[in-house]
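2 protein chains.
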Amino acid sequence: MDQMNTQKPHELLADTLASEMEAVNALIQTRMASKHAPRIPEVTAHLVEAGGKRLRPLLTLAAAKMCGYEGDDHVKLAATVEFIHTATLLHDDVVDESGQRRGRPTANLLWDNKSSVLVGDYLFARSFQLMVETGSLRVLDILANAAATIAEGEVLQMTAASDLKTTEDIYLQVVRGKTAALFSAATEVGGVIAAREAAEVQALYDYGDALGIAFQIADDLLDYQGDTKATGKNVGDDFRERKLTLPVIKAVAQATDEERAFWVRTIEKGRQEDGDLEHALELMAKYGTLEATRQDALGWAAKAREALEILPEHPIRQMLSDLAAYVVARLN
Amino acid sequence: MDQMNTQKPHELLADTLASEMEAVNALIQTRMASKHAPRIPEVTAHLVEAGGKRLRPLLTLAAAKMCGYEGDDHVKLAATVEFIHTATLLHDDVVDESGQRRGRPTANLLWDNKSSVLVGDYLFARSFQLMVETGSLRVLDILANAAATIAEGEVLQMTAASDLKTTEDIYLQVVRGKTAALFSAATEVGGVIAAREAAEVQALYDYGDALGIAFQIADDLLDYQGDTKATGKNVGDDFRERKLTLPVIKAVAQATDEERAFWVRTIEKGRQEDGDLEHALELMAKYGTLEATRQDALGWAAKAREALEILPEHPIRQMLSDLAAYVVARLN
Numbered sequence: 001m002d003q004m005n006t007q008k009p010h011e012l013l014a015d016t017l018a019s020e021m022e023a024v025n026a027l028i029q030t031r032m033a034s035k036h037a038p039r040i041p042e043v044t045a046h047l048v049e050a051g052g053k054r055l056r057p058l059l060t061l062a063a064a065k066m067c068g069y070e071g072d073d074h075v076k077l078a079a080t081v082e083f084i085h086t087a088t089l090l091h092d093d094v095v096d097e098s099g100q101r102r103g104r105p106t107a108n109l110l111w112d113n114k115s116s117v118l119v120g121d122y123l124f125a126r127s128f129q130l131m132v133e134t135g136s137l138r139v140l141d142i143l144a145n146a147a148a149t150i151a152e153g154e155v156l157q158m159t160a161a162s163d164l165k166t167t168e169d170i171y172l173q174v175v176r177g178k179t180a181a182l183f184s185a186a187t188e189v190g191g192v193i194a195a196r197e198a199a200e201v202q203a204l205y206d207y208g209d210a211l212g213i214a215f216q217i218a219d220d221l222l223d224y225q226g227d228t229k230a231t232g233k234n235v236g237d238d239f240r241e242r243k244l245t246l247p248v249i250k251a252v253a254q255a256t257d258e259e260r261a262f263w264v265r266t267i268e269k270g271r272q273e274d275g276d277l278e279h280a281l282e283l284m285a286k287y288g289t290l291e292a293t294r295q296d297a298l299g300w301a302a303k304a305r306e307a308l309e310i311l312p313e314h315p316i317r318q319m320l321s322d323l324a325a326y327v328v329a330r331l332n
Numbered sequence: 001m002d003q004m005n006t007q008k009p010h011e012l013l014a015d016t017l018a019s020e021m022e023a024v025n026a027l028i029q030t031r032m033a034s035k036h037a038p039r040i041p042e043v044t045a046h047l048v049e050a051g052g053k054r055l056r057p058l059l060t061l062a063a064a065k066m067c068g069y070e071g072d073d074h075v076k077l078a079a080t081v082e083f084i085h086t087a088t089l090l091h092d093d094v095v096d097e098s099g100q101r102r103g104r105p106t107a108n109l110l111w112d113n114k115s116s117v118l119v120g121d122y123l124f125a126r127s128f129q130l131m132v133e134t135g136s137l138r139v140l141d142i143l144a145n146a147a148a149t150i151a152e153g154e155v156l157q158m159t160a161a162s163d164l165k166t167t168e169d170i171y172l173q174v175v176r177g178k179t180a181a182l183f184s185a186a187t188e189v190g191g192v193i194a195a196r197e198a199a200e201v202q203a204l205y206d207y208g209d210a211l212g213i214a215f216q217i218a219d220d221l222l223d224y225q226g227d228t229k230a231t232g233k234n235v236g237d238d239f240r241e242r243k244l245t246l247p248v249i250k251a252v253a254q255a256t257d258e259e260r261a262f263w264v265r266t267i268e269k270g271r272q273e274d275g276d277l278e279h280a281l282e283l284m285a286k287y288g289t290l291e292a293t294r295q296d297a298l299g300w301a302a303k304a305r306e307a308l309e310i311l312p313e314h315p316i317r318q319m320l321s322d323l324a325a326y327v328v329a330r331l332n
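These protein sequence lines map, in sequence, to chains A and B. full-length UniProt numbering applies: residue 1 is where the first sequence begins, and numbers increase by one. full-length UniProt numbering applies: residue 1 is where the second sequence begins, and numbers increase by one.
Hints may contain errors.
Since copy identity is lost for identical chains, a pair holds within one copy or between any two.
[What the hints assert, rightly or not] Restricting the straight-line Cα-Cα distance to at most 20 Å, the calculated cross-link-like pairs of lysine to aspartate or glutamate (DMTMM-like) are: (1) 65 / 11; (2) 35 / 163; (3) 243 / 276; (4) 269 / 112; (5) 53 / 22; (6) 53 / 313.
By construction, these hints were calculated from the structure, which means they are not laboratory data. These figures come from a predicted structure and were not determined experimentally.
Please construct the entire structure, taking both the sequences and the accompanying hints into account.
Structural data, given as structure tokens:
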């Protein structure tokens with residue numbers, strides 16, 4: 001993994017797919033326009049121009065290119081997934097009452113909740129028009145299912161977040177909604193438009209799904225053991241926000257009665273005191289749940305890499321493999 | 001129009017299509033379920049069970065039946081348009097900070113804004129899955145375009161509502177977004193799945209579009225001259241909420257400098273005083289804008305009825321024609 005010291009895998013992907021990404025950006029610009037409602041491009045541009053890694057459109061472009069796709073629909077679908085992602089960010093910020101996103105004030109703060117809700121709806125509708133233009137019912141089916149998984153996962157997260165009955169299965173469903181469903185749809189549609197055989201399309205789905213899960217578990221783990229400078233988050237934010245993530249779910253599953261009472265008070269009831277985070281970390285250490293969570297993340301990353309094996313040999317395949325290694329490399 | 005004294009046209013439609021509407025309701029029940037997120041059916045049921053006239057699904061069923069359609073997709077599409085409508089109501093209540101809808105407390109009040117935003121997103125995704133199941137790219141194209149028109153109209157309404165530069169054209173675009181786009185999509189898809197020729201499909205679109213516009217203009221007019229008991233609204237609500245609707249837009253277009261200053265103060269700046277509503281009504285009377293607005297509504301209703309003329313002779317055709325007459329009958 002020494003090559004990572006020079007260029008990160010997603011940066012290498014972005015360089016390799018630079019001309020396609022330019023077409024995606026141009027399409028996004030065109031499609032976020034609105035003749036009479038300038039608020040729409042204003043709000044959208046605020047988020048889109050803030051950048052981010054553009055991981056999701058890159059995944060679609062990468063999957064299509066690796067599968068030998070020669071047409072233009074991959075550009076439309078890459079813009080589609082970026083619009084869906086941007087729409088969910090706009091709605092998430094309203095739901096979370098966030099004030100910052102990607103180091104900038106959120107749209108709901110700069111404008112208002114109304115703008116975030118309605119512009120999000122507009123981007124959903126725009127993404128829907130774009131995918132219809134591909135004329136592929138299979139693509140539409142995949143993205144409709146992804147949209148439902150995303151929305152259901154969000155509702156589930158809202159209602160299950162502080163509920164100690166939340167199992168690892170439900171956590172996984174939330175994680176698929178938050179991250180993996182759009183990753184897997186992004187890679188799968190790349191194979192579908194390239195008309196690859198079923199096993200390869202399944203492999204692309206599996207790669208995106210496992211990559212997304214590894215990515216989100218790593219994120220949740222770093223919340224408890226990350227380097228504040230590197231992650232931009234404070235250790236224990238999820239604990240303070242009473243979010244049940246994998247390290248806590250694993251500790252709750254093994255808790256004694258007394259420990260369970262601690263979790264009920266701090267997470268379910270949210271009555272937190274000084275020293276509670278430290279005690280939570282002690283309980284996680286007692287049952288080795290941070291290490292177990294790390295092993296889960298590594299397992300999903302390995303699954304993502306394995307899924308790639310049946311796909312065509314291509315320089316992009318190596319980059320996607322390195323990307324899966326990279327999302328968990330920061331856990332070592 | 002004497003038959004209306006006994007049964008209203010939408011009630012007659014509902015009776016005629018009762019077995020299909022039952023299938024639509026059963027499908028809605030099934031598709032709003034969520035294994036792990038009970039909040040979804042709770043919130044949805046709150047709105048769906050509050051009833052309303054179910055005008056949009058009725059329009060889809062009516063169009064399909066009138067066109068001789070024999071399959072099951074009209075039930076799916078009727079559920080689709082009802083899901084889209086319910087989703088927009090949920091988001092509208094967040095945007096408008098409403099406390100009441102159909103005489104009951106709104107979901108954002110009973111639960112919270114988060115639930116309204118996310119359950120709305122879930123219903124959009126569900127509607128999208130349902131329409132994909134019909135396997136018709138034309139249906140998908142129509143509904144994707146309707147979704148974009150709805151969202152753009154909502155943003156436009158938010159930003160143009162109190163802006164005196166708003167023209168009748170922009171008002172019409174807002175009205176299409178609020179009401180007519182889903183009406184016209186609802187009727188058009190009925191003709192598309194029945195595989196009717198282009199002119200008939202266009203006529204169905206024209207009917208829904210004109211019906212929706214007549215309906216909304218009538219609503220906006222009744223805000224200034226309605227019977228509070230019949231409409232459930234107070235005269236002048238739109239004025240107090242600084243919403244530019246057609247009677248005011250027409251008065252602003254003809255205003256003297258002094259009158260313009262009045263509109264700037266009361267609508268643009270929102271600095272309203274006692275007696276302002278009365279003065280606004282005087283200005284509308286001076287230029288006859290309430291009567292001109294009524295003529296517009298009657299014109300759109302006539303257009304809706306004319307559009308039906310090339311469609312197959314069928315008892316439902318008469319009910320649709322009566323429905324168009326009915327939405328403006330309350331203006332006489």
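Comparing the hints with the structure gives:
| no. | hint | verdict |
| --- | --- | --- |
| 1 | 65 / 11 | within (16 Å within a copy, 56 Å between copies) |
| 2 | 35 / 163 | between (46 Å within a copy, 16 Å between copies) |
| 3 | 243 / 276 | within (14 Å within a copy, 51 Å between copies) |
| 4 | 269 / 112 | between (30 Å within a copy, 19 Å between copies) |
| 5 | 53 / 22 | within (14 Å within a copy, 48 Å between copies) |
| 6 | 53 / 313 | neither (25 Å within a copy, 58 Å between copies) |
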